[in-house]
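Asker: The chain contents come next:
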Amino acid sequence: MNPFQMNAMDIVGEINEFNSKLAQGLKTLSELDEIDVGVSEKEAVYKEDNLVLYHFKPRVKQKNAVPLLVVYALVNRPYMADLQDGRSMIQGLLDEGLDVYLIDWGYPQSVDKYLTLDDYINGYIDRCVDVVRETSNQQKINLLGICQGGCFSLCYTALHQDKVKNLVTTVTPVDFHTKHDLLSHMVQKIDIDQVVDTMGNIPGEMLNWTFLTLKPYSLMGQKYVDLVDILDDKDKALNFMRMEKWIFDSPDQVGETYREFIKQFYQQNGLVKGTVKVGEQIIDLQNIKNPVLNIYAKDDHLVPPDSSKALEGCVGTDDYQSLEFPGGHIGIYVSGKAQKMIPPSVSQWLGERC
Amino acid sequence: MSQNFNNPFGGLDWTDLQKQMLETLMNFGKQNTSFSSSGFSSGNGNQWADAMDMWWRAFKPSSSNNNFEMFNKMLEQSRMFYLLSEHFSKIFQAFENTNQTEQSLNNLLVEQFEQLQAVLDQQHNMFSWSQIVDQCEQPAQLFKNLFSDKSIFSGMPINDFSPEVKKIREKFFTMPGLGYSREMQEKMQEALRLWAHYQDNYQEFQTIMSCLNHEAMDLMRKRLMKMHKDGEKVESMRQIYHIWVDSNEEVYGEFVFTEEYSELNARLVNSLMAFKKQSHEITEDYLKSMNLPTSSSIQALERRQHELRKQVRDMQAELKAVKAELGKTQTVSKKVTVEDKKAKSEKPKTKAEHKASKKTTKKAAKPTVKSSSRAVNLNKSRKKKSEKQAATNKKSEIKNADDKGMIEIKF
Chain E
1 MNPFQMNAMD IVGEINEFNS KLAQGLKTLS ELDEIDVGVS EKEAVYKEDN LVLYHFKPRV
61 KQKNAVPLLV VYALVNRPYM ADLQDGRSMI QGLLDEGLDV YLIDWGYPQS VDKYLTLDDY
121 INGYIDRCVD VVRETSNQQK INLLGICQGG CFSLCYTALH QDKVKNLVTT VTPVDFHTKH
181 DLLSHMVQKI DIDQVVDTMG NIPGEMLNWT FLTLKPYSLM GQKYVDLVDI LDDKDKALNF
241 MRMEKWIFDS PDQVGETYRE FIKQFYQQNG LVKGTVKVGE QIIDLQNIKN PVLNIYAKDD
301 HLVPPDSSKA LEGCVGTDDY QSLEFPGGHI GIYVSGKAQK MIPPSVSQWL GERC
Chain V
1 MSQNFNNPFG GLDWTDLQKQ MLETLMNFGK QNTSFSSSGF SSGNGNQWAD AMDMWWRAFK
61 PSSSNNNFEM FNKMLEQSRM FYLLSEHFSK IFQAFENTNQ TEQSLNNLLV EQFEQLQAVL
121 DQQHNMFSWS QIVDQCEQPA QLFKNLFSDK SIFSGMPIND FSPEVKKIRE KFFTMPGLGY
181 SREMQEKMQE ALRLWAHYQD NYQEFQTIMS CLNHEAMDLM RKRLMKMHKD GEKVESMRQI
241 YHIWVDSNEE VYGEFVFTEE YSELNARLVN SLMAFKKQSH EITEDYLKSM NLPTSSSIQA
301 LERRQHELRK QVRDMQAELK AVKAELGKTQ TVSKKVTVED KKAKSEKPKT KAEHKASKKT
361 TKKAAKPTVK SSSRAVNLNK SRKKKSEKQA ATNKKSEIKN ADDKGMIEIK F
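For the protein sequence lines, the chains are E and V, in the order given.
Going by this note's numbering, the first residue of the first sequence is number 1, and it counts up by one from there.
Going by this note's numbering, the first residue of the second sequence is number 1, and it counts up by one from there.
What the hints contain is simulated information worked out from the structure, not anything from laboratory work.
Treat each hint with caution, since some may be false.
Unchecked claim - On the chain V side, residues computed to face chain E include the following (Cβ under 8 angstroms):
| id | residue |
| --- | --- |
| 1 | M70 |
| 2 | F71 |
| 3 | K73 |
| 4 | S78 |
| 5 | L108 |
| 6 | V110 |
| 7 | F113 |
| 8 | E215 |
| 9 | L219 |
| 10 | F255 |
| 11 | S262 |
| 12 | A274 |
| 13 | E302 |
Stated by the list, open to error - Computed, partial: chain E to chain V, Cβ under 8 angstroms:
| id | residue |
| --- | --- |
| 14 | L22 |
| 15 | L26 |
| 16 | P58 |
| 17 | V60 |
| 18 | D104 |
| 19 | G106 |
| 20 | S110 |
| 21 | K113 |
| 22 | N122 |
| 23 | H185 |
| 24 | M186 |
| 25 | Q194 |
| 26 | M243 |
Positions of the beta carbon are idealized from the N, C-alpha and C atoms, including for glycine.
Let the sequences and hints guide you as you build the complete structure.
Answerer: Right, dumping it as structure tokens:
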């Protein structure tokens, strides 16, 4: 039997339909103005260098007096957690009656290239935590770390037990040497010292390129061909463009922090081995005695589930819980499924530990 | 075309062009029921892609839309889709003319895929390293300029990687430096060696990626054969495109987890960085000779600034702690004073005094509040003074720290 159930007219017809969609799609794109991102109303309560600490305005009556500080990664921009109406983890948390703060790291400049992990963890994060504690009049606050921000939150919590009540980590790598960790595999033999010494700050484009090469044909090709099917709908086009904007909105990485992070976390797997050094202090995750909720994504191609799940055996707390999200690394924040699952779960878990 | 900006498809209507082509093909189809590849391709190009490119060339200059980059990505991938469509239409046509056995399908796929691979090899490689190399184009260009006619290395073929030229270059790399410009000559030789080393790695990377593409085509052929065997149907060109993407992703996905890839990737990045670093050094030498600021001098300033910033923050934290401590002490001393007064006022010696004291307790309460409020005012005023003083001290401390920092930090 002929497996190709197409004749000449079918093919020409399909391509013609594709072309019409493509033309319509390009027309839709040309009509789009500025892509708006970040939906929840917020106020800057603290600024330092490039950093801005935001406090989100409540949307409902607060149910939990202990504020929640969201620590974002240095990679990409934090508006991914608050992308648009109905696709915002922040919005969901506010609707659960939580008092939410978020650290926006901004865009590092050349002058920031000597900032270290110590500056970020014992400096910036600690000062933000103090601001939140003072503002809310709470001795201890809740932390929620996102990806690399989760690693920072773990380090911070291990060093500052007196200031953290509960810790939530989301898609956070802990064991960097698991079987399916492609990012880790790619950087194992790269001379990071030479890269940082040569480049200073690491260009955001270089990181983009690295992420795209994880699945090049899907991420650089297929995505744009399949896009023609949704571009007749302006709202869907806008949704796509918001994600696209976020993906390519990559701040440069501060050189010294990049050096320390890649070498100690990725190459030496120091977080599970207990060898990560922040300033003069060694990070021992066993010091974390407060409750921990670890949320990971089942289909995460950037942070494999096994990498996150390793946290259970590392922390010193008796109150550890994990939650598997049925989706990917980004879907956990922006998908419809995530909106129904993540904020309510976090809120309930924190509520039980007020 | 600017007048057509509101209608980006005005002027030259690409969809009209496509319709015309469709009509031509349909007429052709009426005369001949079999496929005709000539309907799809003209010479080495692809008419669908050509029409799209023609429209895009006309539209592009008139538009200032911010989504240009997005347009380009879509158009680039659409070209790939057209290319696959064109080649598969040839396969379908050829297959229709055979006895449609498994063997004939396999032979056809092998033959046509070889042709397709040859075309893909000439296309822009999705995996092009050029995106990252762009970051390094500037130093590379500068380096190339050094081999211009005015250079002592003029005529050196740095981008020729034939074995013969490679031999000559290797000899050149080991040539001892001579005379006044010996140091610079050695640095240039080293840069050239690093550039050649990087180019070798780049070539190796591209060769391996190309092999992966071939493997992917082979996997795709096997998948189509399996579909044929299982009686599954391919009903659209998009389905073909997805099979092509999945096959490439699978082959690539397997390779990137190997040790070979880890080493290949590292060699490529490390050699590129080594060349770039050497280029920086050469650039620095030139800038220094012209008494212009260099990258290292700016880095030194940035490091000093970073250290100073840290010192200021540490002092701010200390100041805050001192203030808090001072506040505690003042509160305690205030409490002690009030308690002392209270104790004195509550120290009746005689019954009469005790009674009198009891009587005056209520009256005394008011003045106590007054005096307490006075104390608060006094404290506020003291606090202001102390803050002013602290600010002055801080300024002088920062200045001192500045001086200190400039002396202490050595590079």
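Asker: If a hint holds in the structure, say so; if it doesn't, say that too.
Answerer: Now for the hints, and whether the structure bears them out:
no. : hint : in the structure
1   : M70  : holds, 6 angstroms
2   : F71  : holds, 6 angstroms
3   : K73  : holds, 5 angstroms
4   : S78  : holds, 6 angstroms
5   : L108 : violated, 11 angstroms
6   : V110 : violated, 16 angstroms
7   : F113 : violated, 14 angstroms
8   : E215 : violated, 13 angstroms
9   : L219 : violated, 12 angstroms
10  : F255 : violated, 11 angstroms
11  : S262 : holds, 5 angstroms
12  : A274 : holds, 7 angstroms
13  : E302 : holds, 5 angstroms
14  : L22  : holds, 6 angstroms
15  : L26  : holds, 6 angstroms
16  : P58  : violated, 29 angstroms
17  : V60  : violated, 35 angstroms
18  : D104 : violated, 19 angstroms
19  : G106 : violated, 15 angstroms
20  : S110 : holds, 7 angstroms
21  : K113 : holds, 6 angstroms
22  : N122 : violated, 11 angstroms
23  : H185 : holds, 6 angstroms
24  : M186 : holds, 6 angstroms
25  : Q194 : holds, 5 angstroms
26  : M243 : violated, 12 angstroms
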